[in-house]
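First to last, the protein sequences are chains R and G.
Heads up, the first sequence is in the numbering used here, so the first residue is 1 and it goes up one at a time.
Heads up, the second sequence is in the numbering used here, so the first residue is 1 and it goes up one at a time.
The hints are simulated quantities; they were obtained by calculation from the structure and are not laboratory data.
Be aware that a few hints might be false.
List time: in silico DSBU-like cross-link candidates among lysine-lysine, alpha-carbon distance up to 35 Å [said to hold, decoys possible]: (1) R:Lys129 <-> G:Lys425; (2) R:Lys425 <-> R:Lys247; (3) R:Lys425 <-> R:Lys327; (4) R:Lys251 <-> R:Lys4; (5) R:Lys4 <-> G:Lys43; (6) G:Lys3 <-> G:Lys286; (7) R:Lys286 <-> R:Lys398; (8) R:Lys3 <-> G:Lys302; (9) G:Lys90 <-> R:Lys251; (10) R:Lys302 <-> R:Lys286; (11) G:Lys129 <-> G:Lys302; (12) G:Lys286 <-> G:Lys302; (13) G:Lys90 <-> R:Lys247; (14) R:Lys400 <-> G:Lys180; (15) G:Lys129 <-> R:Lys400; (16) G:Lys43 <-> R:Lys3; (17) G:Lys443 <-> R:Lys4; (18) G:Lys327 <-> R:Lys90; (19) G:Lys43 <-> G:Lys124; (20) R:Lys425 <-> R:Lys357; (21) R:Lys180 <-> G:Lys3; (22) G:Lys90 <-> G:Lys320; (23) R:Lys90 <-> G:Lys247.
Chain by chain, the residues:
Protein chains: 2
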Amino acid sequence: MEKKILLSESEMPRHWYNIIAHMPNQPAPPMDPSTGQPAAPEKLARIFAPQLLEQEMGQGGAYIEIPEEVFDTYRIWRPAPLIRATELEKLLDTPAKIYYKYEGVSPAGSHKPNTAIPQVYYNKLNGIKRIATETGAGQWGTSIAFATQRFGLESIIYMVKVSYEQKPYRKAMMEMWGGKVIPSPSTTTACGRAMLAEDPDSNGSLGGAISEALEDTLSREDTRYCLGSVLNHVALHQTIVGEESIKQMEKAGDYPDIVIGCAGGGSNLAGIAFPYIRENMLSARKTEIIAVEPTACPTLTKGTYTYDFGDVAQLTPQLKMYTLGSKFMPAGIHAGGLRYHGMSPLVSQLYHEGYMKAEAYNQLECFEAAAMFVRTEGILPAPESSHAIKAAIVQALKAKEEGTSKTILFNLSGHGHFDIASYEKYFQGELIAYEHPEAEIAKSLGR
Amino acid sequence: MEKKILLSESEMPRHWYNIIAHMPNQPAPPMDPSTGQPAAPEKLARIFAPQLLEQEMGQGGAYIEIPEEVFDTYRIWRPAPLIRATELEKLLDTPAKIYYKYEGVSPAGSHKPNTAIPQVYYNKLNGIKRIATETGAGQWGTSIAFATQRFGLESIIYMVKVSYEQKPYRKAMMEMWGGKVIPSPSTTTACGRAMLAEDPDSNGSLGGAISEALEDTLSREDTRYCLGSVLNHVALHQTIVGEESIKQMEKAGDYPDIVIGCAGGGSNLAGIAFPYIRENMLSARKTEIIAVEPTACPTLTKGTYTYDFGDVAQLTPQLKMYTLGSKFMPAGIHAGGLRYHGMSPLVSQLYHEGYMKAEAYNQLECFEAAAMFVRTEGILPAPESSHAIKAAIVQALKAKEEGTSKTILFNLSGHGHFDIASYEKYFQGELIAYEHPEAEIAKSLGR
Chain R
1 MEKKILLSES
11 EMPRHWYNII
21 AHMPNQPAPP
31 MDPSTGQPAA
41 PEKLARIFAP
51 QLLEQEMGQG
61 GAYIEIPEEV
71 FDTYRIWRPA
81 PLIRATELEK
91 LLDTPAKIYY
101 KYEGVSPAGS
111 HKPNTAIPQV
121 YYNKLNGIKR
131 IATETGAGQW
141 GTSIAFATQR
151 FGLESIIYMV
161 KVSYEQKPYR
171 KAMMEMWGGK
181 VIPSPSTTTA
191 CGRAMLAEDP
201 DSNGSLGGAI
211 SEALEDTLSR
221 EDTRYCLGSV
231 LNHVALHQTI
241 VGEESIKQME
251 KAGDYPDIVI
261 GCAGGGSNLA
271 GIAFPYIREN
281 MLSARKTEII
291 AVEPTACPTL
301 TKGTYTYDFG
311 DVAQLTPQLK
321 MYTLGSKFMP
331 AGIHAGGLRY
341 HGMSPLVSQL
351 YHEGYMKAEA
361 YNQLECFEAA
371 AMFVRTEGIL
381 PAPESSHAIK
391 AAIVQALKAK
401 EEGTSKTILF
411 NLSGHGHFDI
421 ASYEKYFQGE
431 LIAYEHPEAE
441 IAKSLGR
Chain G
1 MEKKILLSES
11 EMPRHWYNII
21 AHMPNQPAPP
31 MDPSTGQPAA
41 PEKLARIFAP
51 QLLEQEMGQG
61 GAYIEIPEEV
71 FDTYRIWRPA
81 PLIRATELEK
91 LLDTPAKIYY
101 KYEGVSPAGS
111 HKPNTAIPQV
121 YYNKLNGIKR
131 IATETGAGQW
141 GTSIAFATQR
151 FGLESIIYMV
161 KVSYEQKPYR
171 KAMMEMWGGK
181 VIPSPSTTTA
191 CGRAMLAEDP
201 DSNGSLGGAI
211 SEALEDTLSR
221 EDTRYCLGSV
231 LNHVALHQTI
241 VGEESIKQME
251 KAGDYPDIVI
261 GCAGGGSNLA
271 GIAFPYIREN
281 MLSARKTEII
291 AVEPTACPTL
301 TKGTYTYDFG
311 DVAQLTPQLK
321 MYTLGSKFMP
331 AGIHAGGLRY
341 HGMSPLVSQL
351 YHEGYMKAEA
361 YNQLECFEAA
371 AMFVRTEGIL
381 PAPESSHAIK
391 AAIVQALKAK
401 EEGTSKTILF
411 NLSGHGHFDI
421 ASYEKYFQGE
431 LIAYEHPEAE
441 IAKSLGR
């Protein structure tokens with residue numbers, strides 16, 4: 001048996017999967033809090049390219065053709081390998097078969113370019129010259145910089161100031177690809193100046209950076225905004241991950257009993273899981289889908305399913321989703337990409353309707369799983385992805401206990417080459433677990 | 001056409017290529033300066049496993065079977081992809097076809113594990129419990145840590161103190177794989193203590209670290225020493241790179257007119273080039289082989305072909321090789337892996353006998369080439385590997401000027417994810433070129 005199950009480029013799926021077309025209950029629309037009505041399309045059109053808005057609304061059928069130029073760019077690193085975790089299996093001495101889809105092979109080192117590329121492409125088609133976005137730890141900003149460089153657009157990236165200062169390497173990657181990186185809060189925007197007036201030493205926040213990127217977008221006709229997770233069209237683009245994996249599992253003569261993804265905004269989970277939910281819906285398949293979140297930010301497992309804002313500053317439309325409250329401030333865990341109060345509305349609804357389960361693990365358990373993984377499989381995972389590894393190990397050990405063979409697939413959404421400072425702290429015993437912050441969640445949700 | 005030419009694991013070559021079997025003139029033996037005679041095998045046997053010594057002496061025929069356990073470990077990341085640099089070709093607007101073999105997919109991020117794995121494996125076969133080695137920037141130490149973890153041995157890695165302090169991430173990677181990392185000079189060995197007595201604030205040097213690792217090895221019966229480049233058995237293990245690439249070029253329906261590798265100690269160049277030199281020797285092929293070195297350390301292009309020590313402290317046997325003199329101290333360029341005064345004796349002899357050419361480029365040209373590469377191909381190269389990229393670009397532009405189509409293959413020996421600080425300095429204009437240091441070379445060689 002081959003350890004790595006590879007697809008040739010000619011075998012790469014030519015479509016994304018639009019799960020909305022198959023959902024028995026249509027998603028609740030985004031709401032404009034000022035009117036109490038669904039957000040007006042013309043308002044959104046000032047922010048997003050029309051093709052992306054159509055995708056956001058679930059139009060175009062179940063299979064959306066990947067445009068030729070996007071497909072051509074995907075070929076730089078896709079199809080991504082599916083790898084049998086043979087060495088981890090041996091360590092666990094489990095009858096389970098563990099596979100992982102490895103998205104760390106992309107230029108940015110994670111799944112994020114899967115959506116950055118089409119988002120920038122559609123904007124280019126519409127004559128847009130400039131993309132404004134925000135980034136926390138830098139994964140998303142790196143992906144947008146790569147995509148804008150590729151299609152000849154400019155990018156302006158508002159990077160949370162504390163990350164800008166602590167993560168100069170990510171900033172250097174963005175600049176290498178021509179991205180203009182501005183620490184947020186900045187003096188470039190009115191809301192940045194207001195934040196600075198209030199606190200000149202502000203560390204910044206993702207919410208604040210979103211506000212700056214949105215203001216920047218609205219201030220220039222040639223500019224549009226891009227978001228790296230949460231939204232329906234982002235989840236759509238990520239389904240290339242799951243679609244490829246289905247073909248690869250077929251090559252391996254196998255099919256997963258369990259599919260696992262970590263969930264922050266929900267896009268990498270959606271990417272691996274939605275095609276398997278389709279198979280569950282349309283065929284006799286009964287694959288168990290597990291969303292994994294940090295105990296420090298347990299949106300699905302401890303949050304509420306309701307309309308809430310996507311950002312701290314409450315500038316976005318309200319989305320129907322699981323949320324810990326838009327003012328919830330998660331502890332400073334090292335899986336920065338999972339520190340989000342809300343959850344993709346599609347993932348939220350599918351979870352609410354019973355199409356998937358959710359589990360939460362603390363960061364010590366996850367770093368321990370990551371250490372087991374790098375010592376066996378040789379790949380250093382991103383701290384976010386380590387949550388999926390932890391859940392896969394739990395399932396593999398359960399299979400061992402029960403003496404049943406299970407086929408487990410998880411999404412290894414990125415590598416951890418830029419997170420080694422976090423690993424150092426873990427190995428030096430400087431990290432703490434951060435269990436479920438019940439009181440803070442209750443307070444944030446006004447319970 | 002596929003951009004990435006992949007091999008399945010079942011297509012991976014089952015042998016290394018021992019070029020000594022085909023060389024018309026047999027290599028000159030290592031000399032013991034104390035006797036003026038070839039170094040006694042029993043002295044070397046205290047340092048290296050007997051299988052490795054046999055390989056060092058070129059025994060066993062032209063094709064050495066890769067042991068099953070080594071092959072199994074290679075499968076964690078091998079076969080490595082061969083990639084057509086389509087996007088770089090477009091930028092250069094060249095009729096040349098450019099391919100690169102990408103060794104950055106290994107656990108350590110470079111070609112080094114190709115030899116760390118068999119070296120540790122053979123030592124394990126001989127009941128050795130512990131490996132001592134040295135590392136400069138950390139690539140080699142990382143590879144040895146991964147290999148010893150894999151086979152259940154201990155490793156002790158003497159890391160040049162200035163790197164130990166400046167590159168905590170590499171150190172963390174070694175420790176993650178169970179490596180014991182000691183800054184050199186250390187108080188662990190007599191020669192370390194002597195260096196510290198002379199200069200308590202010593203930054204350390206690779207020569208000093210080699211001396212400490214050798215002393216450590218000789219002081220413990222359960223310990224052997226491993227070296228990451230220069231030696232014949234190291235070059236042998238690296239030929240998996242070239243052998244795979246031949247199969248991949250065949251799949252692409254192509255064959256290289258030019259094969260390029262950067263050269264520090266010479267092992268990654270040997271790995272990609274030796275199988276093509278075989279084809280040149282045994283068939284009508286006329287592939288041009290180009291070794292690329294930094295102008296700051298121009299061993300082949302400006303050095304002398306003579307017997308010299310492998311280390312600054314002059315503890316090793318003398319090897320017949322191109323050298324800048326064992327006391328030559330190269331400028332602090334950011335391609336740390338190319339800062340070596342000597343050159344693989346096999347590469348040296350083949351160059352001397354006309355089987356390959358050599359070129360030198362300065363670090364600004366090479367960083368510029370790396371920037372072009374990451375902007376088109378999406379992979380951030382190690383500064384060492386950028387020398388091969390630069391030479392490939394030169395050849396592609398020459399083909400354009402001449403209006404001829406050439407097929408160019410180079411070895412992209414590693415990624416630059418741990419070298420971003422160097423890239424930052426480059427983009428901020430803080431690096432200098434370091435041209436050929438003629439006067440220093442003359443002085444070092446006693447001319």
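A quick look at each hint next to the structure:
Distance check on the hinted pair: R:Lys129 and G:Lys425 sit about 29 Å apart at the alpha-carbon level, within 35 Å; holds. For the suggested pair R:Lys425 and R:Lys247, the alpha carbons sit about 39 Å apart, so the restraint of at most 35 Å is broken. A hinted pair counts as satisfied when its Cα atoms are at most 35 Å apart, and R:Lys425 with R:Lys327 qualifies at roughly 28 Å. Of the supplied pair hints, the one linking R:Lys251 and R:Lys4 holds, its CA atoms being roughly 11 Å apart against a limit of 35 Å.
Taking the CA atoms of R:Lys4 and G:Lys43, the gap is near 42 Å; set against the 35 Å cutoff, the hint is violated. For the given pair, G:Lys3 sits about 25 Å from G:Lys286 by alpha-carbon distance, which is consistent with the 35 Å threshold. For the given pair, R:Lys286 sits about 18 Å from R:Lys398 by alpha-carbon distance, which is consistent with the 35 Å threshold. For the hint pairing R:Lys3 with G:Lys302, the CA-to-CA distance comes to about 46 Å; that exceeds 35 Å, so the pair is violated.
Restraint check for G:Lys90 and R:Lys251: satisfied, since their Cα atoms lie roughly 34 Å apart, inside the 35 Å limit. As the CA atoms of R:Lys302 and R:Lys286 are separated by approximately 26 Å, the hinted pair is consistent with the 35 Å bound. Between G:Lys129 and G:Lys302 the CA atoms are separated by roughly 42 Å; this puts the pair beyond 35 Å, and the hint is violated. As the CA atoms of G:Lys286 and G:Lys302 are separated by approximately 26 Å, the hinted pair is consistent with the 35 Å bound.
Annotation: proposed proximity of G:Lys90 to R:Lys247 holds, straight-line Cα distance about 31 Å (limit 35 Å). The suggested pairing of R:Lys400 with G:Lys180 holds, with an alpha-carbon distance near 33 Å, which does not exceed 35 Å. For the suggested pair G:Lys129 and R:Lys400, the alpha carbons sit about 32 Å apart, so the restraint of at most 35 Å is met. Straight-line distance between C-alpha atoms of G:Lys43 and R:Lys3 comes to about 41 Å, which puts the hinted pair past the 35 Å bound.
Only pairs whose Cα atoms come within 35 Å are accepted, and G:Lys443 paired with R:Lys4 is rejected, the gap being roughly 52 Å. The straight-line distance between the Cα atoms of G:Lys327 and R:Lys90 is roughly 48 Å, outside the 35 Å bound, and the hint therefore fails. Between the alpha carbons of G:Lys43 and G:Lys124 the distance comes to roughly 20 Å, so the proposed pair stays at or under 35 Å and holds. This hinted pair checks out: R:Lys425 and R:Lys357 have alpha carbons roughly 31 Å apart, not beyond 35 Å.
Simply put, R:Lys180 and G:Lys3 have alpha-carbon atoms about 30 Å apart, close enough for the 35 Å limit, and the pair holds. Using a Cα cut-off of 35 Å, the hinted pair G:Lys90 and G:Lys320 is violated, with the two alpha carbons roughly 43 Å apart. For the hint linking R:Lys90 to G:Lys247, the alpha-carbon distance of about 31 Å falls within 35 Å, and the restraint holds.
Hint compliance for this structure: hints 2, 5, 8, 11, 16, 17, 18 and 22 are broken, all remaining hints hold.
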